Amino acid sequence: MATIIGFLSGIIGGMGIGGGIILIPMLTILLDVEQKIAQSTNLICYLPLALACLPIHIKHKNIDLSVTKKVVPFGIIGALLGSYLAVHLSPVILRKLFAALLFVMGVKEIFNLKWSGGQR
Amino acid sequence: MNIKNINANLLLIILGLSIGLLNGIFGSGGGIIAVLLMTHVLSFENKMAHATSISIILPLCIISSFVFIKNGLYDTRLIIRVALGSVVGGMVGAKLLCNISNTLIRRIFGIVMVISAVRMLF
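Residue numbers (our numbering), protein chains in the order written: chain X, 1 to 120; chain E, 1 to 122.
Please note that a few of the clues may not be correct.
Unchecked claim - Below are the DSBU-like pairs computed for lysine-lysine, each with C-alpha atoms no more than 30 Å apart in a straight line:
| hint | chain 1 | residue 1 | chain 2 | residue 2 |
| --- | --- | --- | --- | --- |
| 1 | X | Lys96 | E | Lys70 |
| 2 | X | Lys108 | E | Lys95 |
| 3 | X | Lys96 | X | Lys108 |
| 4 | E | Lys70 | X | Lys70 |
| 5 | X | Lys36 | E | Lys70 |
Unchecked claim - Simulated restraints on C-beta separations:
| hint | chain 1 | residue 1 | chain 2 | residue 2 | range |
| --- | --- | --- | --- | --- | --- |
| 6 | X | Val92 | E | Leu11 | 19 to 27 Å |
| 7 | X | Ile4 | E | Asn5 | 46 to 54 Å |
| 8 | X | Lys69 | E | Leu96 | 42 to 50 Å |
To be verified - So the derived list for chain X, only partly shown, Cβ under 8 Å to chain E, looks like this:
| hint | residue |
| --- | --- |
| 9 | Ile29 |
| 10 | Ser40 |
| 11 | Ile76 |
| 12 | Pro91 |
Read the hints as simulated data drawn from the structure, not as lab findings. Nothing here was measured: the structure is a model prediction, and the numbers come from that model. Note that CB positions come from ideal geometry on N, CA and C, so glycine has one too.
Isolated chain X (complex conformation) (with noise of 0.2 Å):
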């Protein structure tokens, strides 16, 4: 079931809508997966992934890395201060925060609004 349900999200983050958003959800409501330990799951599952499709983007050049160069430090940052929240934050109140934007990002789709450009 579990390998399913990532076989299902691979899908849709590869079609670049945003695979975790929807595995974190599938994970909590069809296997009563913690929600720390569903976004855990997600986090890690990712970095197989990126490490697999990074080279190819270097290769054919399709990243700016002056822009990663300068975003990243700030980025490593936040990431401290969100998964340092994120460990402490009761699992109630995680799991309604992640429902909210949730909530956005579905409405999103449903009306297929454009301020994405339509990627990931």
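Given chain X, work out where chain E should sit, using these hints.
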């Protein structure tokens, strides 16, 4: 350094902080926000924004994963099962992206997301 450069750098700082924070708290969604900001604020074309977002999100995911693992918040069996499915799914999804119009599929998943959100809220 002129005012335009200062503004551009400030923008990249805010971009980094917000992508990292969101991706850290929710364990997802950073890529969506990264692409959104790059296409609209930095006027990147889709392909470039998508690929650049991977290079930004990957180090952030490594950092966030480390924090979760350090706090014992992981399930190895679940990770292996989900990873197996998502690697195969990712390849299928990338093929679909090239071959078919995905407006209908996006709408269906939008509906699934809203229903899931309501279930998680109450």
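Next on the checklist: For Lys70/E and Lys70/X, compute the direct alpha-carbon distance and say whether it is at most 30 Å.
Outcome noted: The given pair, whose Cα atoms are some 27 Å apart, holds under the 30 Å limit.
Next on the checklist: Is the interface hint satisfied for Ile76/X? The criterion is a beta-carbon contact with chain E at less than 8 Å.
Outcome noted: Holds, about 6 Å.
Next on the checklist: Hinted pair, alpha-carbon criterion (30 Å max): Lys96/X, Lys108/X. Please report holds or violated.
Outcome noted: holds, 19 Å
Checklist entry - Do the Cβ positions of Ile4/X and Asn5/E conform to the proposed distance bound of 46 to 54 Å? => result Hint holds: Cβ distance 50 Å, inside 46 to 54 Å.
Item to check | chain E contact restraint on Ile29/X - CB to CB distance below 8 Å | outcome: Holds: closest Cβ of chain E sits about 6 Å from Ile29/X, inside 8 Å.
Checklist entry - Val92/X and Leu11/E, beta-carbon distance inside 19 to 27 Å? => result Given about 35 Å between the Cβ atoms, the range is violated.
Checklist entry - When you check the alpha-carbon spacing of Lys108/X and Lys95/E, does it fall within 30 Å? => result Judged against 30 Å, a Cα distance of about 24 Å means the pair holds.
Item to check | Evaluation of the interface hint that places Pro91/X against chain E, nearest CB under 8 Å | outcome: Violated - the Cβ of Pro91/X stays beyond 8 Å from chain E, reaching only about 10 Å at its closest.
Checklist entry - Keeping to a limit of 30 Å between CA atoms, is the pair of Lys96/X and Lys70/E held or broken? => result OK: Lys96/X and Lys70/E at ~24 Å, within 30 Å.
Next on the checklist: Can you verify the interface hint for Ser40/X: is its Cβ closer than 8 Å to any Cβ in chain E?
Outcome noted: holds, 4 Å
Next on the checklist: Against the range 42 to 50 Å, how does the distance between the Cβ atoms of Lys69/X and Leu96/E compare: consistent or not?
Outcome noted: Once the Cβ atoms are compared, 33 Å apart, the range 42 to 50 Å for Leu96/E and Lys69/X is violated.
Next on the checklist: For Lys36/X and Lys70/E, compute the direct alpha-carbon distance and say whether it is at most 30 Å.
Outcome noted: Between Lys36/X and Lys70/E the Cα gap is close to 13 Å, so the pair holds against 30 Å.
When each numbered hint is compared with the structure, violations occur for hints 6, 8 and 12.
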